[in-house]
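Peer 1: Chain residues, written in single-letter form:
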Amino acid sequence: DAKTTQPPSMDCAEGRAANLPCNHSTISGNEYVYWYRQIHSQGPQYIIHGLKNNETNEMASLIITEDRKSSTLILPHATLRDTAVYYCIVRNSGAGSYQLTFGKGTKLSVIP
Amino acid sequence: GAGVSQTPSNKVTEKGKYVELRCDPISGHTALYWYRQSLGQGPEFLIYFQGTGAADDSGLPNDRFFAVRPEGSVSTLKIQRTERGDSAVYLCASSSGPGSYNEQFFGPGTRLTVL
Chain X
522 DAKTTQPPSM DCAEGRAANL PCNHSTISGN EYVYWYRQIH SQGPQYIIHG LKNNETNEMA
582 SLIITEDRKS STLILPHATL RDTAVYYCIV RNSGAGSYQL TFGKGTKLSV IP
Chain C
511 GAGVSQTPSN KVTEKGKYVE LRCDPISGHT ALYWYRQSLG QGPEFLIYFQ GTGAADDSGL
571 PNDRFFAVRP EGSVSTLKIQ RTERGDSAVY LCASSSGPGS YNEQFFGPGT RLTVL
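Those protein sequence lines, which keep their order, are chains X and C. So in my numbering, the last one in the first sequence is 633, and the numbering has no gaps at all. So in my numbering, the last one in the second sequence is 625, and the numbering has no gaps at all.
Just so you know, the hints here were simulated from the structure itself, not pulled from any lab data. The structure displayed is predicted, hence computed values, not measured ones. One or more of the hints may lead you astray.
Said to hold, decoys possible - Pairs of lysine-lysine residues, derived as DSBU-like cross-links and limited to a Cα-Cα distance of at most 35 Å, are as follows:
#  : chain 1 : residue 1 : chain 2 : residue 2
1  : X       : Lys573    : X       : Lys524
2  : C       : Lys588    : C       : Lys527
3  : X       : Lys524    : C       : Lys588
4  : X       : Lys524    : X       : Lys628
5  : X       : Lys625    : X       : Lys573
6  : X       : Lys628    : C       : Lys525
7  : X       : Lys573    : X       : Lys628
8  : X       : Lys524    : C       : Lys521
9  : C       : Lys527    : X       : Lys625
10 : C       : Lys521    : X       : Lys625
11 : X       : Lys590    : X       : Lys625
12 : X       : Lys628    : C       : Lys521
13 : X       : Lys524    : X       : Lys590
14 : X       : Lys590    : X       : Lys628
15 : C       : Lys588    : C       : Lys521
16 : X       : Lys625    : X       : Lys524
17 : X       : Lys625    : C       : Lys588
18 : X       : Lys628    : C       : Lys588
19 : C       : Lys525    : C       : Lys588
20 : X       : Lys573    : X       : Lys590
21 : X       : Lys625    : C       : Lys525
As the list claims (entries may be wrong) - Per the computed footprint, the stretches of chain C lying under chain X, defined by three or more beta-carbons under 8 Å from a beta-carbon of chain X, are:
#  : stretch
22 : 546–557
23 : 616–623
From the three backbone atoms N, C-alpha and C, an ideal C-beta is built for every residue, glycine too.
For reference, chain X alone in the conformation it holds in the complex (with noise of 0.2 Å):
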């Protein structure tokens, strides 16, 4: 799988939008961008993922540039319960991949 490079933290004020770049230079045309966050003291929980196109769910945004070399996780108003360390993965498609490869991954901040 690709590697990823992420800034090591951010803050970001409570209400705004928080966004979280990731870089992914080397991703390969069946590769997938994964997010996920772990809150402190839990384990991981899965925000979004996306191929080529922007996504958006419930919980955040996800736009991929168009030469998919790096991408940005769009959380829109910021809370405090979003304050969490978010991880950029990048993962084949497919029955065969099954890892989660983690980097050290983004410490976002929420600031009141």
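Put chain C on the given structure of chain X with help from the hints.
Peer 2: Frame of chain X, contents of chain C only:
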């Protein structure tokens, strides 16, 4: 419905002892995974079960680590002759099937401390 549960939540043991960590996956999930997370790091893959069999144990660090899933549901991670370097949070996840199409649901983890 119930999520993935892990017991105990905390385990403190002495160097050289044997420990067992238990994972109860979501009912009906055929795939089960163990990960290990050291302080300040992301989780690292240890082993993957599809049903009762270990389909991939390439992440187990050495032969002191072993995991079983005898009936295709509950899994136990076993660590022999524990070392201080084994101290970490051990996470279990399950999914309805293998592969990237199926979301992995994680438990809260077991924090293992080896003194």
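Peer 1: Now look at each hint and say whether the structure bears it out.
Peer 2: For each hint, the structure was consulted:
1. Annotation: proposed proximity of Lys573/X to Lys524/X holds, straight-line Cα distance about 17 Å (limit 35 Å).
2. Between Lys588/C and Lys527/C the CA atoms are separated by roughly 11 Å; this keeps the pair inside 35 Å, and the hint holds.
3. Distance restraint check for Lys524/X and Lys588/C: the Cα-Cα separation of roughly 31 Å lies within the 35 Å cut-off, and the hinted pair is therefore satisfied.
4. In summary, the hint linking Lys524/X to Lys628/X is supported, as the alpha carbons are separated by about 18 Å, within the 35 Å threshold.
5. Pair hint Lys625/X plus Lys573/X holds up; C-alpha atoms about 24 Å apart against a cutoff of 35 Å.
6. With a CA separation close to 32 Å, the supplied pair Lys628/X and Lys525/C stays within the 35 Å bound.
7. A distance of roughly 25 Å separates the Cα atoms of Lys573/X and Lys628/X; the hinted pair therefore holds under the 35 Å criterion.
8. Of the pairs offered as hints, the one joining Lys524/X and Lys521/C holds, with about 33 Å between alpha carbons and a cut-off of 35 Å not exceeded.
9. Pair hint Lys527/C plus Lys625/X holds up; C-alpha atoms about 30 Å apart against a cutoff of 35 Å.
10. Taken as a hint, the Lys521/C and Lys625/X pair is honoured in the structure, with Cα atoms around 25 Å apart against an allowance of 35 Å.
11. Between Lys590/X and Lys625/X the CA atoms are separated by roughly 19 Å; this keeps the pair inside 35 Å, and the hint holds.
12. Straight-line distance between C-alpha atoms of Lys628/X and Lys521/C comes to about 27 Å, which keeps the hinted pair within the 35 Å bound.
13. Proximity of Lys524/X to Lys590/X is assessed by CA-CA distance (about 11 Å); at most 35 Å being required, the pair is judged to hold.
14. A C-alpha spacing of about 22 Å is found between Lys590/X and Lys628/X, which places the hinted pair at or below 35 Å, so the restraint holds.
15. Straight-line distance between C-alpha atoms of Lys588/C and Lys521/C comes to about 13 Å, which keeps the hinted pair within the 35 Å bound.
16. With a C-alpha separation of about 12 Å, the suggested pairing of Lys625/X with Lys524/X holds against the 35 Å cut-off.
17. Between Lys625/X and Lys588/C the CA atoms are separated by roughly 26 Å; this keeps the pair inside 35 Å, and the hint holds.
18. Between Lys628/X and Lys588/C, the direct Cα distance comes to roughly 31 Å. Compliance with the 35 Å bound is thereby established for this hinted pair.
19. A threshold of 35 Å between alpha carbons decides the hint, and for Lys525/C with Lys588/C the separation of about 15 Å falls inside it, so the pair holds.
20. Of the supplied pair hints, the one linking Lys573/X and Lys590/X holds, its CA atoms being roughly 10 Å apart against a limit of 35 Å.
21. Restraint check for Lys625/X and Lys525/C: the C-alpha separation of about 28 Å stays at or below 35 Å, so the hint holds.
22. Figure legend: the stretch 546–557 of chain C, annotated as covered by chain X; annotation consistent (6 residues with Cβ-Cβ distances under 8 Å, at least 3 required).
23. Using a Cβ-Cβ cut-off of 8 Å, 4 residues of the stretch 616–623 of chain C lie near chain X, which meets the minimum of three, so the contact claim holds.
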